[in-house]
Structures are given as structure tokens and as C-alpha cells.
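S.K.: Chains as they are written, first to last, in numbering that gives the first Met the number 0: chain A, 0 to 235; chain B, 0 to 313.
No lab work stands behind these hints, which were simulated from the structure alone.
Glycine is no exception: its CB is placed at the ideal position from the N, C-alpha and C atoms.
There may be inaccurate statements among the hints.
Said to hold, decoys possible - Reference excerpt, derived from the structure (chain B facing chain A, CB under 7 Å, subset only):
(1) Thr-47
(2) Tyr-49
(3) Met-50
(4) Ile-69
(5) Arg-72
(6) Pro-83
(7) Lys-101
(8) Val-103
(9) Pro-104
(10) Arg-106
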Amino acid sequence: MTSTGTIFQREINAYFLSPVAYVVISVFMIFSGYFFSVMLGLTQETTLRYSLAYTQFILSILTPVITMRLFAEENKTGTIEPLMTAPITDFEVVFGKFLSAWALYNIMIAPTAFYIIFLAWVGSPDYGAIIASYIGLILMGGLFVAIGILVSAITKNQIVAAVIGIVALLILLVIGLASSGNEGWFYNCLRYIGTYDHWDTFTKGLIDTRDVIYYVSFTALLIFIVVRIVESRRWR
Amino acid sequence: MIKVDHLAKRYADVYAVNDISFEVHQGEILGLLGPNGAGKTTTMRILTCYMPATSGTATVAGYDVFRESINVRKQIGYLPENVPLYPEMRVREYLNFRAKLKRVPTRERKTKIEECIEKCRIKEVQNQIIGTLSKGYRQRVGLADTLVHDPKILILDEPTIGLDPNQIRQVRQLIKELGEKHTILLSTHILPEVEMLCGRVIIVNKGKIVAMDTPSNLGTQLRGGSNIVLEVRGNGEKIKNVLSVIKGVKKVLWHDNGEISNYTVEAEKGMDIREDVFSNIVKNNGIIREMKQASITLEEIFHQITTQEQEVAT
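The shape of chain A in the complex, shown without the other chains (with noise of 0.2 Å):
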């Protein structure tokens, strides 16, 4: 497990020495504000609930940015080479790499905690569905990063790795969106696999274990799919 911190520390240093740290967390923190702002304006209630759902399709298409370079870069200059000689397991790799995308994203989300400053400030907010509403965030990264790594994996080119990131995430999110109100089992399932659902019930205030359930297992089937994916050149 010690080489899985090392990747972790390595990674976390790329993401500061290049500009997508900064990148990121400036777009994240101009649209996230522009939505808590409007959203107060509108409801005149003292709750992240209603800004925190636009957060979410931010979030699809910001963190594939974030995931993008995680593998896609290593495969195409090469660096997996040594890396994958170095005595290492492919799970290691997998997972150190994923933990600095999913530190990186918590570091994006954190500065959000002036709007509830803010929120204390002008009235007194539910801090129960707020702390909620942060684990389910958290939650919902991992399972983000998850898919965005796996994307990355399997090609060389990192825009085409954030493309299908997001996308993917936007169908995960759609597919829940659109169904809601809809009944029969179809429409269960498709809520069911979406995130919106699982993600609803946690700025309701409310850590269901089903919904817990839903993001961890899912964050671990992808895990396990992608050292797959990597241990594959062993096989291909």
C-alpha cells in the first residue's frame, strides 16, 4: 500500500504542476457560484438543495476533465513502461491514481463551503441536509472519477477520453432526469442505474444505504474493471 501513496503523491503534484488543477477549480467555482446565487434569488430559502443539482451536471463534465490524463497520457508517452516494470501491482497503480482524482475533486468542491458561511449568515440553514448533502457529493465524486479513469484507460488520447467521459456521465444523468415520474419496472431501473435519484435523496437531507450502497459498489465494480483493463496488455 505504500506504492499505491506514492502514486497518489506523484499525481497530486502533477495535477498542481500543471494548469488543470487551477483550470478546473476556477470553472467549478465560477458556474457553482453563479448557480447558488441564482438559485437563492429564486427560492429565497436558506438550502444548497436547488443549487447543488445544477452542481451535478458541472460536476459530469468537469471531472472527466480532471480523470483525463490519468492513464490516457501514461500510454501514450510511454511512462507506463517503467511504471508498470517498477515492482508495483497493477491494483496499486489503479487505485493510487484514483485517489489523487478523487482528492483533487473534493479540493474543487471544498471552496463551496463559504456558501454556506454565507448561508448562516443571512438565515439559519439545515445544517443536517448540508452535511448530507456533502457525503452524498463526496459519494457521487468517486463514482465520477471512477468512470472518468476507465474512460481514460482504454485510449492514448486524452480529448477523446474526457469526451466520452462526459458523456457517459451525462447519460448516467439523464437517464435517471428523464425518468422520474414515470412508473413501471423500466422506469425503475433506468432510476435505479442513473445517479440523479441516488443523489436526490442525500440533499434531502436523508444517508439512505441503499443509496450508499449504490455509489460505493458501483466505484468498486469500475475499480476492479479498470485493473483489469490495465493488467489486459498482459493478455491482448
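Dock chain B against the given chain A, drawing on the hints supplied.
M.R.: Here is chain B on its own, set in the frame of chain A:
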């Protein structure tokens, strides 16, 4: 140290490496020589556990590359072709990262890195960003990386490719020095390099081993003996006939320039015919203006056996 046994690697329906077997002994520098696409890199990738073989086995330092890959990887330092490095990192930072990955204990890490920087002469660029380094320095940073965990075996894939002549000389010198402490397997398609560095050479072509010997033996063994080039004043035809009947002569090529003739005399394997040639020409009133032994260069052997389809017996 390295033992390769009937190794083969197939991509779709093309064999990149086809049934090769060889051994690298402790303390040896073995050269893997062959044209591009001969299977050198694939062989090295199998030995470094980057990809498995389709069939056959390979052991490195006593560990099987497939089953005990982590142990194998601890024993080897691998320099891939074109030396991929992280361009945004600084040299020292990179070496520190690599040392950590290769599980160099924290306490020794600093001295080990210092040693490698010293050995590979990259002290003056140790705080520079890798992306700004010249090819020669990048190569040496790559070499420093292979040394950082003090491996028993170094596997170097085309270590001098793309360097200028001075840099090539420096890197070769460095490899020579490293050869005193490590067992080295290196690949190249540059022939003088093999002659300079390697104790033994394996020539591969189209995934198969076509020759394996010391560089000097390859010369004498592969194409029989050596050629003698002559320039003689005298009766061309007569001298040609005289030369052809000397014991040990295989073939005489005669190029008539009027009064002066040029001959190329091909001798049989292991025969020294120079003295007989001299005395026979003198007996027939020829005047020898020039006589030299043309030894076959590795270059010729390489060309010959990699363009020829038939197997060459070693």
C-alpha cells in the same frame, strides 16, 4: 542470471518472437542485435514482465517472469526504448519517486540517489525540469533511474539511439563502467557498439536467433576464413591460375587492369594462405604492389545473415 527457454510471443497471427532460447551469465554484457522489428523489444518486455510470452518460459535471477513477476522486477533495472520520463518533474524529484516505487528503504534513499546522480553525471541538471533536458541528459536520467535500487540485472533497450556522437561515446563509456558491477542485456542495431561493449552477441532476425557468439568469433566462423586483396604487376592470367591451385584457396576473383591486376582470394576456413600466395606470385615473376587481409566486419555478417533467408549454422 537470465535464462530464456523456447520463448515465443504472438501478436494476432504474427510471431514477434519465435522460439528463442539463450542464457545470460552473471557479470556478462550480452548484446541483442537485429534490424528493427526483429523482436528485440518484445523479448525485453517479456523479461521485464511488461507482457507475458505466448509460450515458453523465462527466469530472471532465478524467478519466473510470469509467476514471480514482482520479485523479478525488484532485480532488474529497465531502460525502455526512447526513455519515457515525466516531463513536468524535476530530475531529483523523479529519481526520488522511482526510488520509492522500487522500495528503496527511506534511510538509504538519499545516498542511493546521490550515487546515481554522481555515476550518471547529471549533477548539474539535478534540479532541472525533465521536459527541458536534452536527449543525452534524458538518457542519463533514464539510466540513473535503472540504477537507483541497485539491481543485479540491467536491461537496456537501444540505450544510444538518437544521441549525437559525443553523447553516444559518453553513454557507452557509462555502460562499460556499469558492466563491471551488473549483468547487462542490451539491444541495439548499431554494430560498432556491440563490438565495443559486448562479450557475446545474439543476432536476431524475424523473431528467431540466427547467430550467437563473441563478436570476433562471429567474424571468423560465419563466412569461413578471410579474404586477401592483392594488386600485382605481371601476367594476369597466369598468376590467376597459379593462385587457384594453392592449397586452401576457395575462390579467386580477377580484375584485369592491363599490366596491373587486382585479385581477391578467398581462403578456406581457418587457413592462412598469405605466405603461399606471396611465394607463388614471386615464382611466376609477379611483383606484389599491395597485399592485405580484409577481415569481414560485423557489418557484413549482419547484413549477410539478416538478408539471407537460410539458417546460418553457428
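S.K.: Compare the structure with each hint and give your call.
M.R.: Checked hints:
| no. | hint | in the structure |
| --- | --- | --- |
| 1 | Thr-47 | 4 Å, holds |
| 2 | Tyr-49 | 5 Å, holds |
| 3 | Met-50 | 6 Å, holds |
| 4 | Ile-69 | 5 Å, holds |
| 5 | Arg-72 | 4 Å, holds |
| 6 | Pro-83 | 4 Å, holds |
| 7 | Lys-101 | 6 Å, holds |
| 8 | Val-103 | 11 Å, violated |
| 9 | Pro-104 | 11 Å, violated |
| 10 | Arg-106 | 14 Å, violated |
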